[in-house]
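Asker: For reference, the chains in residue letters:
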Amino acid sequence: MRPFLYQKATDPGMAVQALGAAGNNPLTRATAQPLAGGTTLIDLMKLDVMRPAAIVDINPLAQGWSAIEPRDDSLRLGALAKMSDVAAHDGIQRNYPVIANSLKLAASAQLRNMATLGGNVMQRTRCSYFRDVSYENCNKRNPGSGCAAMDGVNRMHAVLGTSDHCIATYPGDFAQALIALDAMLEITGASGTRNMPFAELHKAPGNTPDIETTLRPGELISAFVIRGRWPRSVYLKARDRQSYEFALSSAAIALDVQDGTIRDARIALGGVATVPWRAREAEALLKGQKFDDGLAQRVADAAFAEARGRRHNGFKIALGRRVVARALQQAVTMEI
Amino acid sequence: MTAAVPEPKANMGQSVPRYDAVVKVTGRATYASDMPLADPAYAFLVTSAIAKGRVDRFDLDDARGVRGVIDIVTHENAPKLKESKLFSNGGYAGTTIEPLKSADIAHDGQIIAVVIAETYESAREAANRVKISYTATAPSATFDSPGTTTAAAKGQNAQFKEDPKVGDFAKAFDEAEVKLTASYDTPTQHHNPMELFSTSCAWMGDNLVIYEPSQYVYGLKNGVAEQLGIDADKVRVVNPYVGGGFGSRGSMTPRTAIIAGIAKRLNRPVKLVPTRDQGFTITTHRAETRHEIKLGARRDGKLIALRHEGAEVSSRPDAYCVGGTKTTTRLYACPNVDSLVSIVRADRNTPGFMRSPPEVPYLFALESALDELAVKLNMDPVELRRINDTTVEPIGGKPYTSRSLMACFDEAAKAFGWAQRSPAPKSMSDGDWLIGHGCAATCYPTQMGPSAARVRLQRDGRTRVEIAGHEIGTGAYTVIAQTAAERLGVPLEKVAVFIGDSDLPPAPVAGGSNSTASTCSAVMMVCDQIRQRLFKAAMPGDSLTDKAKETVGISPAPSTQAAKSGRPPDLDKAFDALGVSIVEEYGEWKPEGAPPDSFRAMHNGQVRLVGGHTMKDQIAYAFGAEFVEVRVNRFTHEIRCPRLVGAFSAGRIMNPRTARSQLMGGLIWGMSSALLEATEIDERTARYVNDNFADYLVPVNADVPGVEVILLSEQDDHINPAGVKGLGELANVGTNAAICNAIYHATGKRIRKLPVRLENIEV
Chain B
1 MRPFLYQKAT DPGMAVQALG AAGNNPLTRA TAQPLAGGTT LIDLMKLDVM
51 RPAAIVDINP LAQGWSAIEP RDDSLRLGAL AKMSDVAAHD GIQRNYPVIA
101 NSLKLAASAQ LRNMATLGGN VMQRTRCSYF RDVSYENCNK RNPGSGCAAM
151 DGVNRMHAVL GTSDHCIATY PGDFAQALIA LDAMLEITGA SGTRNMPFAE
201 LHKAPGNTPD IETTLRPGEL ISAFVIRGRW PRSVYLKARD RQSYEFALSS
251 AAIALDVQDG TIRDARIALG GVATVPWRAR EAEALLKGQK FDDGLAQRVA
301 DAAFAEARGR RHNGFKIALG RRVVARALQQ AVTMEI
Chain V
1 MTAAVPEPKA NMGQSVPRYD AVVKVTGRAT YASDMPLADP AYAFLVTSAI
51 AKGRVDRFDL DDARGVRGVI DIVTHENAPK LKESKLFSNG GYAGTTIEPL
101 KSADIAHDGQ IIAVVIAETY ESAREAANRV KISYTATAPS ATFDSPGTTT
151 AAAKGQNAQF KEDPKVGDFA KAFDEAEVKL TASYDTPTQH HNPMELFSTS
201 CAWMGDNLVI YEPSQYVYGL KNGVAEQLGI DADKVRVVNP YVGGGFGSRG
251 SMTPRTAIIA GIAKRLNRPV KLVPTRDQGF TITTHRAETR HEIKLGARRD
301 GKLIALRHEG AEVSSRPDAY CVGGTKTTTR LYACPNVDSL VSIVRADRNT
351 PGFMRSPPEV PYLFALESAL DELAVKLNMD PVELRRINDT TVEPIGGKPY
401 TSRSLMACFD EAAKAFGWAQ RSPAPKSMSD GDWLIGHGCA ATCYPTQMGP
451 SAARVRLQRD GRTRVEIAGH EIGTGAYTVI AQTAAERLGV PLEKVAVFIG
501 DSDLPPAPVA GGSNSTASTC SAVMMVCDQI RQRLFKAAMP GDSLTDKAKE
551 TVGISPAPST QAAKSGRPPD LDKAFDALGV SIVEEYGEWK PEGAPPDSFR
601 AMHNGQVRLV GGHTMKDQIA YAFGAEFVEV RVNRFTHEIR CPRLVGAFSA
651 GRIMNPRTAR SQLMGGLIWG MSSALLEATE IDERTARYVN DNFADYLVPV
701 NADVPGVEVI LLSEQDDHIN PAGVKGLGEL ANVGTNAAIC NAIYHATGKR
751 IRKLPVRLEN IEV
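So the protein lines, in turn, are chains B and V. If you're matching positions, the first sequence starts at 1 in my numbering and goes up one per residue. If you're matching positions, the second sequence starts at 1 in my numbering and goes up one per residue.
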């Protein structure tokens, strides 16, 4: 860890100004970083992976930015709401089980009490080679240096959305629920707020794995907005231990079924892709159909049609298919 | 789930609470890095990013520019230290790889520089700013890597004396009606005790005090003195509490003498708290192993041929091995046995003891193979073990001092509900989950070492026990206090215990599960010396017999009267006769069959354990049986273990509460060792990849909802005066096999390689 300047935000304007003053680096290397729950940033600073010169503590903004607001036809979640509070919220458990469960199954109780929704979606990859600066080859950390994971220990790595430069997995759970439900972001910047689909936040690694999001220095996520209600939704997460562990494969599923016919279907995949992953082609197979196990299988196959495994993570393709098929069955049969 | 405070059965002590419970739960227990030091400098390690090669150049300008940096120590300016010999060759060290002596690098994460600064933060920042140029050569990582060499353990490891064999294995196997040949693999594992591998060194003139979590304060004291070239009596190691050891703190690591040397040069205390990931490479680990088992049996299940071949990875310079064939060749009756242990050398740091070092990997192979044989014989695996149970080990024909293996199987089977199991694979399920039941035997050698103790009894019953034992979380304070209280007949709360300090009378390494047997036997002996002195004073004309128990009023168990009055009634008389108010005795105890140099070695910090199969006319082991339920998700293939049931017999149980805690922890670790724990090695670079608690998985509470420990009564008068068989390393043995046996039962697929991950499951 290196010395840094600690600033406490007094209001959103001051926060975005202080963060924006850091210049035009990609956000991951911006010299000023926002601090919310701190559960990722502080780790990465201690590991010397991130070396911001300044920290802007945005927790004082919580009063305005942490509301949980279920409305008749939408849900608005403040970006500084704690994961644990949102997971425990009655209305969210009832009308958005995919959100409640994706949060409940993430991290540990202690971390969920600290971590915020905004920070959670910005969580950086858990790639061991990224998180250990003694490995020189990491295109995310040292652009152009290569990728140690590509032919290294890559059991936890991605099979979807990878490039020749990076196979690091997007680690979170909540983001899959957001992308499945077509969530919108409310982003606060120097010139006020703008709205953007959550699906446009994360960027697949491509040639520039160091650029992870479309957020610019000086911009903060202030809220998430989800339209409609999704009581028929599930989050299924497969992992090595029963709690406090990242997904090997997860699926966020939301269905609108009427009289046995699937009118709308949303599928997002976690633990298997470099970014929160929406399986749109697989979803399309469901629309207007009656559900059966054969259909679930075809949808699961379609979701992983483009997947590419490497030495240790090839199993995620078959696993991911089974997770999708099982999650679909659970969503179809759940009592609402 | 059994009660946390089990009712004592026959030959068990009281389930008193831990002596150190309150200081621990209130955070007042002082661990090594908590010890206050006067104006310390802080050290931070820089470790190598390559496994083989050399440092060409350090660029230290940036690092030296960090405010508060005092010095950066590399091989170019390191304190000169004398050679450290391996513990198995009469030395103290766990490795002969000596960092900072040259630019050479022999393994990943080797110490290559130490930054010293005014604060921890400055030292860490400067360490981050050290730039290093290496010349790297391609390393050999592990089994099957190019460049490794393989040779038999016998002849290169002084402690591995024989490959046990008896009869004519080849002929018997050839003629066997039922045969099994199978190979098994276990992974690299790391101890990861909660307390980091910290070291603080403070000199007062020529005297050095070391605060370091150690499982062997006398070994560390003598080893560091040897490296520094000073008299061992000038070195003192202090660690009243150790935050877990599991073997990782049993032998000396290079860091201690380095920090001591730097502190001497600076003329200032130096405090080192390495990071979690550095702990993976600056100490030892459990090496990965491979096994081939051949079993030949008659149709009725009787074993007639057994062969166990094991291979273990070690470092280039050191021939470390655990050689568990000494146990697996003796566990069951079998007239024709053969075995071989080999060591594979790679560019790794030297492995070392990790809880039940030989038994965990070697019994995984044997107990899995027995289950496979039971399947071939269409026989209940418990019955197969009963048919091959024995009171005499087959290699030397020596009788077991006591052996309650089948009693453990029967008790555990009953508690588990084994009889309700439907034996066919894939025949039990619950919703999304396939259910499997499996079992395995566990055993651990009963070992003892020479130990001294000093006990002081005051007229008012207050008692002080001094012994350089170790509280590694096992309950050492508690059982030592209980022993003294019972032997002197004083109330437990009047006994003060001092351990974890090399200025106290020597005790053996807290390893090999010998501590309770050794320290309590020594304390009992010294308490008896006190009783004899009091008896002599009170009854000068009488001869010294067991009458001392009654006549001095010091009964072997605390009487209610004694407890109420706070002291036995006749103590006053005895003290009056002696004319003093305090009686103090020192004594040195050694087990039967201990080598002639035992007491000298004890003071020199050298281990002289006897027991297990090395006893002259007998063989001594503790036993147990473990039953597990696994659930395998038919969709995700996730594996969970909702129930672990173990029954154990280990001679006298000093304290059922602390014993249960040890055994419960063992069962959980055993499960973890099967399903979670593995250190991943990047084969290209021979580097550990998952060297942190987020990626090196250990169980969380949600993984172990049901753990049941059953303690069996057992009396064994042939082992040591305390009648104790060590049980600290008993419960994490065999669990791995029980889990794989249960996975076979759940899925019909045999898994022979650990850890078992969901991608290894087929349903």
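FYI, nobody ran anything at the bench for these hints, they're computed from the structure. Take these hints with a grain of salt, some might be off.
Unchecked claim - Here are the computed lysine to aspartate or glutamate pairs in the DMTMM-like style, where the Cα-Cα straight-line distance is at most 25 Å:
1. V:Lys536 <-> V:Asp597
2. V:Lys82 <-> V:Asp71
3. V:Lys426 <-> B:Asp256
4. B:Lys46 <-> V:Asp300
5. V:Lys131 <-> V:Asp144
6. B:Lys287 <-> B:Asp240
7. V:Lys179 <-> V:Asp300
8. B:Lys46 <-> B:Glu69
9. V:Lys616 <-> V:Asp389
10. V:Lys171 <-> V:Glu292
11. B:Lys46 <-> V:Asp501
12. B:Lys46 <-> V:Asp62
13. V:Lys426 <-> V:Glu383
14. V:Lys753 <-> B:Asp240
15. V:Lys131 <-> B:Asp48
16. V:Lys161 <-> V:Glu177
17. V:Lys131 <-> B:Asp256
18. V:Lys165 <-> V:Asp62
19. B:Lys46 <-> V:Asp34
20. B:Lys46 <-> V:Asp389
21. B:Lys46 <-> V:Asp59
22. V:Lys398 <-> V:Glu83
23. V:Lys131 <-> B:Asp57
24. V:Lys494 <-> V:Glu175
25. V:Lys234 <-> V:Asp501
26. V:Lys749 <-> B:Asp48
27. B:Lys8 <-> V:Glu121
28. B:Lys46 <-> V:Asp695
29. B:Lys46 <-> V:Asp576
30. V:Lys294 <-> V:Asp163
31. B:Lys46 <-> B:Asp57
32. V:Lys753 <-> B:Asp151
33. V:Lys131 <-> B:Asp240
34. V:Lys426 <-> B:Asp293
35. B:Lys290 <-> V:Asp432
Asker: Are the hints correct? Go through all of them and say.
Answerer: Comparing the hints with the structure gives:
With a C-alpha separation of about 32 Å, the suggested pairing of Lys536 of chain V with Asp597 of chain V is violated against the 25 Å cut-off. The suggested pairing of Lys82 of chain V with Asp71 of chain V holds, with an alpha-carbon distance near 22 Å, which does not exceed 25 Å. Restraint check for Lys426 of chain V and Asp256 of chain B: not satisfied, since their Cα atoms lie roughly 36 Å apart, outside the 25 Å limit. The suggested pairing of Lys46 of chain B with Asp300 of chain V is violated, with an alpha-carbon distance near 62 Å, which exceeds 25 Å.
Between the alpha carbons of Lys131 of chain V and Asp144 of chain V the distance comes to roughly 33 Å, so the proposed pair goes past 25 Å and is violated. With a CA separation close to 33 Å, the supplied pair Lys287 of chain B and Asp240 of chain B exceeds the 25 Å bound. With a C-alpha separation of about 13 Å, the suggested pairing of Lys179 of chain V with Asp300 of chain V holds against the 25 Å cut-off. For a cut-off of 25 Å, the pair hint linking Lys46 of chain B to Glu69 of chain B is broken: about 35 Å separates their Cα positions.
With a C-alpha separation of about 22 Å, the suggested pairing of Lys616 of chain V with Asp389 of chain V holds against the 25 Å cut-off. Note on Lys171 of chain V and Glu292 of chain V: the hinted pairing holds, with a Cα-Cα distance of about 18 Å set against a maximum of 25 Å. Of the pairs offered as hints, the one joining Lys46 of chain B and Asp501 of chain V is violated, with about 34 Å between alpha carbons and a cut-off of 25 Å exceeded. With a CA separation close to 18 Å, the supplied pair Lys46 of chain B and Asp62 of chain V stays within the 25 Å bound.
Restraint check: the Cα-Cα separation between Lys426 of chain V and Glu383 of chain V comes to about 21 Å, which is no more than 25 Å; the hinted pair holds. Taken as a hint, the Lys753 of chain V and Asp240 of chain B pair is honoured in the structure, with Cα atoms around 16 Å apart against an allowance of 25 Å. Taking the CA atoms of Lys131 of chain V and Asp48 of chain B, the gap is near 14 Å; set against the 25 Å cutoff, the hint holds. Among the hinted pairs, Lys161 of chain V with Glu177 of chain V is inconsistent with the structure: their alpha-carbon atoms are about 33 Å apart, more than 25 Å.
For the hint pairing Lys131 of chain V with Asp256 of chain B, the CA-to-CA distance comes to about 58 Å; that exceeds 25 Å, so the pair is violated. Proposed proximity of Lys165 of chain V and Asp62 of chain V is contradicted: the alpha carbons are some 61 Å apart, above 25 Å. In summary, the hint linking Lys46 of chain B to Asp34 of chain V is supported, as the alpha carbons are separated by about 21 Å, within the 25 Å threshold. For the suggested pair Lys46 of chain B and Asp389 of chain V, the alpha carbons sit about 55 Å apart, so the restraint of at most 25 Å is broken.
Taking the CA atoms of Lys46 of chain B and Asp59 of chain V, the gap is near 22 Å; set against the 25 Å cutoff, the hint holds. Distance check on the hinted pair: Lys398 of chain V and Glu83 of chain V sit about 41 Å apart at the alpha-carbon level, beyond 25 Å; violated. For the hint pairing Lys131 of chain V with Asp57 of chain B, the CA-to-CA distance comes to about 32 Å; that exceeds 25 Å, so the pair is violated. Between the alpha carbons of Lys494 of chain V and Glu175 of chain V the distance comes to roughly 66 Å, so the proposed pair goes past 25 Å and is violated.
Note on Lys234 of chain V and Asp501 of chain V: the hinted pairing holds, with a Cα-Cα distance of about 13 Å set against a maximum of 25 Å. Of the supplied pair hints, the one linking Lys749 of chain V and Asp48 of chain B is violated, its CA atoms being roughly 44 Å apart against a limit of 25 Å. About 22 Å separates the Cα atoms of Lys8 of chain B and Glu121 of chain V, which keeps this hinted pair within 25 Å; it holds. Note on Lys46 of chain B and Asp695 of chain V: the hinted pairing holds, with a Cα-Cα distance of about 17 Å set against a maximum of 25 Å.
Note on Lys46 of chain B and Asp576 of chain V: the hinted pairing is violated, with a Cα-Cα distance of about 65 Å set against a maximum of 25 Å. Proposed proximity of Lys294 of chain V and Asp163 of chain V is supported: the alpha carbons are some 15 Å apart, at most 25 Å. At roughly 17 Å between alpha-carbon atoms, Lys46 of chain B and Asp57 of chain B fall within 25 Å of each other, so this suggested pair holds. A C-alpha spacing of about 22 Å is found between Lys753 of chain V and Asp151 of chain B, which places the hinted pair at or below 25 Å, so the restraint holds.
This hinted pair does not check out: Lys131 of chain V and Asp240 of chain B have alpha carbons roughly 37 Å apart, beyond 25 Å. A distance of roughly 22 Å separates the Cα atoms of Lys426 of chain V and Asp293 of chain B; the hinted pair therefore holds under the 25 Å criterion. In summary, the hint linking Lys290 of chain B to Asp432 of chain V is supported, as the alpha carbons are separated by about 23 Å, within the 25 Å threshold.
In the structure shown, a violation is registered for the earlier hints numbered 1, 3, 4, 5, 6, 8, 11, 16, 17, 18, 20, 22, 23, 24, 26, 29, 33, in ascending order.
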